[in-house]
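J.: Chain by chain, the residues run as shown.
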Amino acid sequence: MIAEIGHFALIAAFLLAGLQATVPLYGAHKGDRGMMELARSTAVGQFALVLLAFAALVNAFVTSDFSVLNVAQNSHSTKPMLYKISGAWGNHEGSLLLWALILSLFGAMVACFGRNLPPSLRARTLAIQGMIALGFLAFMLFTSNPFDRILAPPSDGAGLNPLLQDPGLAFHPPFLYFGYVGLSISFSFAVAALIEGKVDAAWARWVRPWTLAAWCGLTVGIGLGSWWAYYELGWGGFWFWDPVENASFMPWLAATALLHSAIVVEKRDALKSWTILLAIVAFSMSLLGTFLVRSGVLTSVHAFATDPERGVFILALLAVTVGGSLTLFAIRAPKLQTTGVFQPISREGALLLNNLFLSAAAATVLLGTLYPLFLDVLDAGKVSVGPPFFNATFGPLMAPVLGAMVIGPFLSWKRADFRQAMQKLWLGVAAAVTAIVLVLILSGVEGILPAVGVGAAVWIICGTLLELADRVKLARVPLSESWRRARRTPRAAYGMTVAHLGVGLVVAGVLGATVFKTESIQNMKPGDVVDVAGYTFTLDRVERLNGPNYQAERAVFRISTDGEQFATVNAERRAYPVEGDTTTEAGIHTTWVADLYAVVGEGNPRDGWTTRIYHNPLVPWIWLGTIVMSLGGVISLTDRRLRIGAPSRRRAPTSGSSSPAPAE
Amino acid sequence: MRSRKRQRLWIACIGLILLGAATALALNAFEDNLVFFHGPSDIAAGKVEQGRLIRIGGLVQENSVNKIANTAKIEFRITDGVAATPVVFEGILPDLFREGQGVVANGRLDANGLFTASEILAKHDENYMPPEVVEALKKSGQWKMGGGAAPNAAGGNS
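Residue numbers (our numbering), protein chains in the order written: chain A, 1 to 664; chain Z, 1001 to 1158.
These are computed hints drawn from the structure, not numbers from a lab.
Glycine included, each C-beta is placed from N, C-alpha and C at the ideal position.
Any given hint could be a false lead.
As the list claims (entries may be wrong) - Cut-off 25 Å, straight-line C-alpha distance, at most; resulting in silico cross-link-like pairs (SDA-like, lysine to any residue):
1. A:Lys424 with A:Pro478
2. A:Lys382 with Z:Phe1030
3. Z:Lys1138 with A:Val377
4. Z:Lys1067 with A:Ile521
5. Z:Lys1067 with A:Gln522
6. A:Lys424 with A:Val452
7. A:Lys525 with A:Ala575
8. Z:Lys1005 with A:Phe329
9. A:Lys335 with A:Val320
10. A:Lys335 with A:Ile195
11. A:Lys335 with A:Lys414
12. A:Lys525 with Z:Leu1096
13. Z:Lys1139 with Z:Gln1050
14. A:Lys414 with Z:Cys1013
15. A:Lys335 with Z:Leu1009
16. Z:Lys1067 with A:Gly580
17. Z:Lys1067 with A:Asp540
18. Z:Lys1138 with Z:Arg1108
19. Z:Lys1067 with A:Ser520
20. Z:Lys1005 with A:Gln343
21. Z:Lys1073 with Z:Ser1118
22. A:Lys335 with A:His29
23. Z:Lys1073 with Z:Val1035
24. A:Lys382 with Z:Arg1108
25. A:Lys525 with Z:Ala1069
26. Z:Lys1139 with A:Leu373
27. A:Lys525 with A:Gln565
28. A:Lys424 with A:Val477
29. A:Lys525 with A:Ala552
30. Z:Lys1067 with A:Val556
31. Z:Lys1073 with A:Asp531
32. A:Lys414 with A:Leu465
33. A:Lys382 with A:Ala392
34. Z:Lys1047 with A:Ala380
As the list claims (entries may be wrong) - Computed spacing ranges between beta-carbons, pair by pair:
35. A:Asp156 with Z:Ser1118: 39 to 45 Å
36. Z:Ser1118 with A:Met1: 51 to 57 Å
37. A:Gly395 with Z:Ser1118: 18 to 24 Å
38. Z:Val1088 with A:Trp426: 53 to 59 Å
39. A:Ala567 with Z:Gly1100: 39 to 45 Å
With the sequences and hints as input, model every part of the structure.
T.: Dropping the structure here:
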């Protein structure tokens, strides 16, 4: 019964989305206030209905209602409660419902919190959002209904892929989708602005917080996914340039570029059509990712069901969305007048540089991801594009961004003095050079690139802190004056500082995990000892134990340094009888400066076990860094300007043309 | 207005240069880093370059898996039912690595025809057959319609 309610709620949401997609658009065209206002109520109503459907599905999973096909295929009565709940989105249909839920959530949030948006812009934005919802709800109802019943329910379900039965992965999809799908609202704002034919500073101010919120979710989601891959797949790596990872990374790159270019629109009234284009591209990348992941063209842990019909449907959605918005862009973009003129050496120049390189990086990732698919379609052979390709292209393209992201905040708008900025940064330059020299002399790692990488991390962290110090005139004015300045500094500025520090941490972590890691593979019997990077690992024992829905073989390692034992780690191999799968659980001891990581393979007491032991310096900083980055985003979101909202319609025209930007 | 035009020109130029640089980087990286897929029959026919990173796939031949005592090295053969390639791998095998199952490996071929695998790719569930493996089996004529019906993995004339 409850499943049917969920199904009906979806149908009702679909109809409401149809209303939301059309009437407000007509109303905005005619200037009819009532029709425009319909956008808000339908957006909220649609969210309530999709939420109801979602609750119905979660309920079916929690109560193990195996008469629902989806539950029977993806759940099992012995599964722990957390994974019964997360199982609701750990499958094709359920994850699409989560998609639709977040899509409607963003619509509802704009309806509720976007009070000071001009009514016509709000109506059009919500109408576009309604169109996307219409497409996805139709997709669910016609090809992937999560509430399908089976006539003869099995006594128990088929279980969830054990790899997905993990706390990191339980929360990975909601965060990732919040970002992924959240970018839809930037897209809707962009298309609405194209319809209106007006993009100004006020528009940028409205669209930025939504993009920022989505970006924060995306950052955390990608971080969680990478963390999961690190400890669950047992390969000791954090990022594999897997097409599925790339599918989430491309929208992130585009969204990052969009965040920065929106600032230029707001402050300098320039880069308008570029920003609109980025908003379209960012969401198109999200859709492309959804297509790649959901259609089954890629086989991975994410490809739950491979059904050509579904692939074609998403491809059609992708074509309509991208094609439609780009056509509109081609017609309208030339009309967008730019008033600001700018010099290459200026804050906006640095932001433009950041944008160009981020986009170029996103383009190479796109190329590397799609190239094997193209060749396959053309029947030109099977190839794969692995990490070496991405490392060779992505690294060089990101280097200028990492350099410029420190200098940019020191440059003033319009026209800046590069030498003056570098004078303020001399300490950062000195720190980076020292770091490079130290690594070259001490680390024993070959080549200059690792050293330059460390220099970049030091450069970002020092330079960002120097910018904060410079802003409050630390040590140049009395401390009380600095404190006063620090308190007056807008939160958005702190947000930037924190987010940029996060980037520095991630860069350091990535280097630790790739260049400075030590790895050792061997055969071990209980009592055997292995030395890795100055740590002694002793295989203490291998024991069997029973988990809630699995049996495990656990290898206990004692770790000591200088003869003194300071930790034990447990590496496990788990066998899940219901699903017939085995998973590897790495044993990890973290000191926050390094991870000691052990994995055990197949073996027996007579021959011993294969073990793989890593010393991964700085790895935890990768995830710490992603959290810090999104924290920066959240801090920026609490900025007074954004909380109170943008100026109302009356004030909009005056702030439109190159408003004197507050110095920040 | 003139300065804005000139500025636009600048931006366009920089953009184009960047695009060129990105393309050059990508093409260069493609040349060195594209990993081609081959089946055991291709290798037996001598179509495969030695020393280059390639990806091979097929079924793990029955009774071919041998763990070398007191090391983490494993030897086995990958077969497409017609030919078989000897493989050596040091490390932890994926959880679903089994004799008679489909497998994909990245690595290099040496002069003696031994394939040293740097990575054995994990499968995510029992029923899944890597598409490359399906392709290799189709090419060797050993693929039987109906998905799971795997050919005789004991075969292979090597």
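J.: It remains to establish, for every hint, whether it holds in the given structure.
T.: Do the hints match the structure? See the list:
About 19 Å separates the Cα atoms of lysine 424 of chain A and proline 478 of chain A, which keeps this hinted pair within 25 Å; it holds. Under the criterion of a C-alpha separation no larger than 25 Å, the hint pairing lysine 382 of chain A with phenylalanine 1030 of chain Z is consistent with the structure, at around 14 Å. Taking the CA atoms of lysine 1138 of chain Z and valine 377 of chain A, the gap is about 17 Å. The hint holds against a cut of 25 Å. Straight-line distance between C-alpha atoms of lysine 1067 of chain Z and isoleucine 521 of chain A comes to about 14 Å, which keeps the hinted pair within the 25 Å bound.
At roughly 12 Å between alpha-carbon atoms, lysine 1067 of chain Z and glutamine 522 of chain A fall within 25 Å of each other, so this suggested pair holds. Between the alpha carbons of lysine 424 of chain A and valine 452 of chain A the distance comes to roughly 21 Å, so the proposed pair stays at or under 25 Å and holds. At roughly 21 Å between alpha-carbon atoms, lysine 525 of chain A and alanine 575 of chain A fall within 25 Å of each other, so this suggested pair holds. For the hint pairing lysine 1005 of chain Z with phenylalanine 329 of chain A, the CA-to-CA distance comes to about 21 Å; that is within 25 Å, so the pair holds.
For the suggested pair lysine 335 of chain A and valine 320 of chain A, the alpha carbons sit about 23 Å apart, so the restraint of at most 25 Å is met. The straight-line distance between the Cα atoms of lysine 335 of chain A and isoleucine 195 of chain A is roughly 11 Å, inside the 25 Å bound, and the hint therefore holds. About 23 Å separates the Cα atoms of lysine 335 of chain A and lysine 414 of chain A, which keeps this hinted pair within 25 Å; it holds. Between the alpha carbons of lysine 525 of chain A and leucine 1096 of chain Z the distance comes to roughly 23 Å, so the proposed pair stays at or under 25 Å and holds.
In summary, the hint linking lysine 1139 of chain Z to glutamine 1050 of chain Z is supported, as the alpha carbons are separated by about 22 Å, within the 25 Å threshold. Straight-line distance between C-alpha atoms of lysine 414 of chain A and cysteine 1013 of chain Z comes to about 20 Å, which keeps the hinted pair within the 25 Å bound. For a cut-off of 25 Å, the pair hint linking lysine 335 of chain A to leucine 1009 of chain Z stands: about 18 Å separates their Cα positions. For the proposed pair lysine 1067 of chain Z and glycine 580 of chain A, the alpha carbon gap of about 24 Å is at most 25 Å, so the pair holds.
This hinted pair checks out: lysine 1067 of chain Z and aspartate 540 of chain A have alpha carbons roughly 22 Å apart, not beyond 25 Å. At most 25 Å may separate the alpha-carbon atoms for a hinted pair to count; lysine 1138 of chain Z and arginine 1108 of chain Z meet this at roughly 23 Å. Of the supplied pair hints, the one linking lysine 1067 of chain Z and serine 520 of chain A holds, its CA atoms being roughly 18 Å apart against a limit of 25 Å. Pair hint lysine 1005 of chain Z plus glutamine 343 of chain A holds up; C-alpha atoms about 13 Å apart against a cutoff of 25 Å.
Between lysine 1073 of chain Z and serine 1118 of chain Z the alpha-carbon distance is near 11 Å, which keeps this suggested pair within the 25 Å criterion. With a CA separation close to 19 Å, the supplied pair lysine 335 of chain A and histidine 29 of chain A stays within the 25 Å bound. About 24 Å separates the Cα atoms of lysine 1073 of chain Z and valine 1035 of chain Z, which keeps this hinted pair within 25 Å; it holds. For the proposed pair lysine 382 of chain A and arginine 1108 of chain Z, the alpha carbon gap of about 17 Å is at most 25 Å, so the pair holds.
Proposed proximity of lysine 525 of chain A and alanine 1069 of chain Z is supported: the alpha carbons are some 12 Å apart, at most 25 Å. The straight-line distance between the Cα atoms of lysine 1139 of chain Z and leucine 373 of chain A is roughly 19 Å, inside the 25 Å bound, and the hint therefore holds. For the suggested pair lysine 525 of chain A and glutamine 565 of chain A, the alpha carbons sit about 19 Å apart, so the restraint of at most 25 Å is met. At roughly 16 Å between alpha-carbon atoms, lysine 424 of chain A and valine 477 of chain A fall within 25 Å of each other, so this suggested pair holds.
About 18 Å separates the Cα atoms of lysine 525 of chain A and alanine 552 of chain A, which keeps this hinted pair within 25 Å; it holds. For the hint linking lysine 1067 of chain Z to valine 556 of chain A, the alpha-carbon distance of about 22 Å falls within 25 Å, and the restraint holds. Pair hint lysine 1073 of chain Z plus aspartate 531 of chain A holds up; C-alpha atoms about 19 Å apart against a cutoff of 25 Å. Only pairs whose Cα atoms come within 25 Å are accepted, and lysine 414 of chain A paired with leucine 465 of chain A is accepted, the gap being roughly 24 Å.
The suggested pairing of lysine 382 of chain A with alanine 392 of chain A holds, with an alpha-carbon distance near 21 Å, which does not exceed 25 Å. Straight-line distance between C-alpha atoms of lysine 1047 of chain Z and alanine 380 of chain A comes to about 16 Å, which keeps the hinted pair within the 25 Å bound. In this structure the hint that aspartate 156 of chain A and serine 1118 of chain Z lie 39 to 45 Å apart at CB holds, the actual value being about 41 Å. With their beta carbons about 55 Å apart, serine 1118 of chain Z and methionine 1 of chain A fall inside the hinted range of 51 to 57 Å.
Taken as a hint, the range 18 to 24 Å holds for the pair glycine 395 of chain A and serine 1118 of chain Z, whose Cβ atoms sit roughly 21 Å apart. About 54 Å separates the C-beta atoms of valine 1088 of chain Z and tryptophan 426 of chain A, a value consistent with the hinted range of 53 to 59 Å. For alanine 567 of chain A and glycine 1100 of chain Z, the hinted distance range of 39 to 45 Å is satisfied, since their beta carbons lie about 40 Å from each other.
Consistency note: the structure conflicts with none of the earlier hints.
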